[in-house]
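**Student:** With the hints as constraints, model all of the structure from the sequences given.
Numbering (UniProt numbering) for the sequence shown: 1 to 522.
Check the hints yourself; a few may be wrong.
[Claimed, not checked] Listed next, the in silico DSBU-like pairs over lysine-lysine satisfying Cα-Cα at most 35 angstroms (straight line):
#: 1; residue 1: Lys-37; residue 2: Lys-222
#: 2; residue 1: Lys-225; residue 2: Lys-37
#: 3; residue 1: Lys-198; residue 2: Lys-277
Derived from the structure by calculation, the hints contain no laboratory data.
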Amino acid sequence: MIYKTKIISLCDGMAERTEIPVVSTTVVDNEAESEKKQGPLEGIRILDLSRIVMGPYCTMVLGDMGAEVIKVERPTVGDETRRWGVPISGGETTYFLAMNRNKYSVCINLKSSEGRQTLLDLVAVSDVLVENYVPGKLDSLGMGYELIKNVNPSLIYVSLTGYGPDGPQASRPGYDVIAASVGGLLNITGPEEGEPCKVGVPITDIASALYAHGAILAALYKREKTGEGERVDVNLLSTQVACLATVASAWLNAGEEAKRRGSAHDWIVPYESLETKCGGRVTVGAGSNAQFGAFCRLIGLPELSEDVRYKTNVLRVANRDTLMSVIRKRFKERTSEEWLNILESAPFPCGPVNTIPQVFQNPQVKHLDLVKKMAHPSAGSIGVIGPPVKFSDSANEVRRRPPLLGEHTCEHSERLILRLKLRKPESKKKVQWESGTVDNENMNKKKSKCKFTDDVHLSRGCCIYHKPHEFDVSSSESEDECENCFGHVEMRKKRREEKKSEDDQGKENEDENPCGKDPPCQ
1 MIYKTKIISL CDGMAERTEI PVVSTTVVDN EAESEKKQGP LEGIRILDLS RIVMGPYCTM
61 VLGDMGAEVI KVERPTVGDE TRRWGVPISG GETTYFLAMN RNKYSVCINL KSSEGRQTLL
121 DLVAVSDVLV ENYVPGKLDS LGMGYELIKN VNPSLIYVSL TGYGPDGPQA SRPGYDVIAA
181 SVGGLLNITG PEEGEPCKVG VPITDIASAL YAHGAILAAL YKREKTGEGE RVDVNLLSTQ
241 VACLATVASA WLNAGEEAKR RGSAHDWIVP YESLETKCGG RVTVGAGSNA QFGAFCRLIG
301 LPELSEDVRY KTNVLRVANR DTLMSVIRKR FKERTSEEWL NILESAPFPC GPVNTIPQVF
361 QNPQVKHLDL VKKMAHPSAG SIGVIGPPVK FSDSANEVRR RPPLLGEHTC EHSERLILRL
421 KLRKPESKKK VQWESGTVDN ENMNKKKSKC KFTDDVHLSR GCCIYHKPHE FDVSSSESED
481 ECENCFGHVE MRKKRREEKK SEDDQGKENE DENPCGKDPP CQ
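**Tutor:** The following block contains the structure:
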């Protein structure tokens with residue numbers, strides 16, 4: 001059954017899709033190939049209301065693992081990063097491409113009542129919502145956690161902020177470099193006698209994204225056991241302070257304040273990049289006494305390892321300046337290539353300070369197959385960095401290129417909203433998906449049966465994975481019955497209680513009739 005009127009009103013709350021001609025290219029998208037192996041998050045749907053880096057990076061990682069990520073963007077303008085970074089052909093930018101693979105894009109105007117209703121309809125059939133609005137903004141739009149929880153109690157609601165949901169600075173907007181400044185990272189980054197320096201990538205954003213990604217997985221695991229969702233709060237400042245790690249511990253437990261040391265390490269010597277004869281740099285890290293001895297022998301200064309001033313790492317740290325002046329002078333006698341050849345067999349970590357072009361020419365980077373080329377309808381061929389984590393039996397890969405603005409608006413509104421329109425069938429009759437819905441791709445898959453057809457479960461979808469299914473009021477339980485929906489979680493609890501009651505009753509009967517015969521033994 002197709003509800004055309006509802007579809008039209010929903011699309012009115014969204015931006016119209018803009019058709020862009022496809023650019024012919026020899027690059028083949030690997031989306032079809034990736035379908036051979038499912039990701040560990042296959043069947044999980046994520047509504048991504050976030051923008052810029054922290055949220056989009058988090059949902060991109062989840063998308064790599066197989067989750068269906070629906071990126072909700074503002075009509076006509078979209079994510080700010082669509083205008084950041086290096087512009088390339090077709091009006092695309094490198095910044096947006098870096099954070100938004102494996103996603104669909106829909107445009108919804110949350111300032112309109114139709115748009116807000118559209119989002120609530122999507123919430124009802126989703127597993128996770130990720131947003132990074134300033135605290136209180138979504139509440140003012142009637143889209144805060146308490147309302148969302150009533151629409152879908154099993155939803156994981158993830159709020160990403162600069163400073164947390166409450167407190168004296170909670171209302172401030174947050175950016176990566178600001179959190180890095182307030183959280184102390186800039187003050188300990190840069191040349192020893194120079195100014196504080198920003199890290200070359202938005203590391204606080206990315207670390208926060210990975211914290212959020214882990215928290216989402218934990219919340220989904222908990223929901224498997226309880227059937228209930230919850231709110232997850234992640235903020236840039238907390239992440240940055242947590243990432244101070246050893247620096248924080250030194251201050252909290254020893255009162256020692258970290259200093260800027262360039263590439264050097266506070267508590268390990270030698271551990272830094274060293275300039276060579278050709279102007280390049282080689283980084284070495286010799287943390288143990290054995291590693292230091294091997295380092296001294298390889299660079300032709302074995303006497304350093306015998307010097308009483310450098311016998312232990314504690315002594316080497318205390319005498320850092322005199323030791324490193326000798327080592328730095330030695331490294332300027334040869335080129336980077338010569339030193340790398342000498343250190344090839346070293347039992348300690350070492351490597352060149354590569355430029356970005358050199359990174360992608362590195363033989364190990366090539367072997368790891370991190371760079372993925374994809375066809376893009378407006379930019380032609382694009383390159384993205386694939387996920388660094390590999391699973392033995394699950395897919396974790398680039399399946400879908402970054403989307404055009406609003407590219408999937410009507411496709412997703414029809415497919416998802418139709419799912420909400422199933423009604424409880426009459427007794428002994430089944431309601432199935434019509435062939436006219438957009439979700440035809442799943443029509444031939446094995447359908448599960450579910451008795452939980454009340455309005456609450458219909459509004460949330462039978463199964464937490466929201467797979468297409470048929471509702472059968474009169475069906476008996478079978479092996480293909482849905483095992484993951486909230487209703488079945490509750491039913492399993494009830495069955496366990498009933499079984500325990502039956503077992504207790506059986507035990508009482510055994511006590512009354514030890515021989516088990518009918519009539520009982522006399």
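**Student:** Which numbered hints are broken by the structure, listed smallest first?
**Tutor:** none
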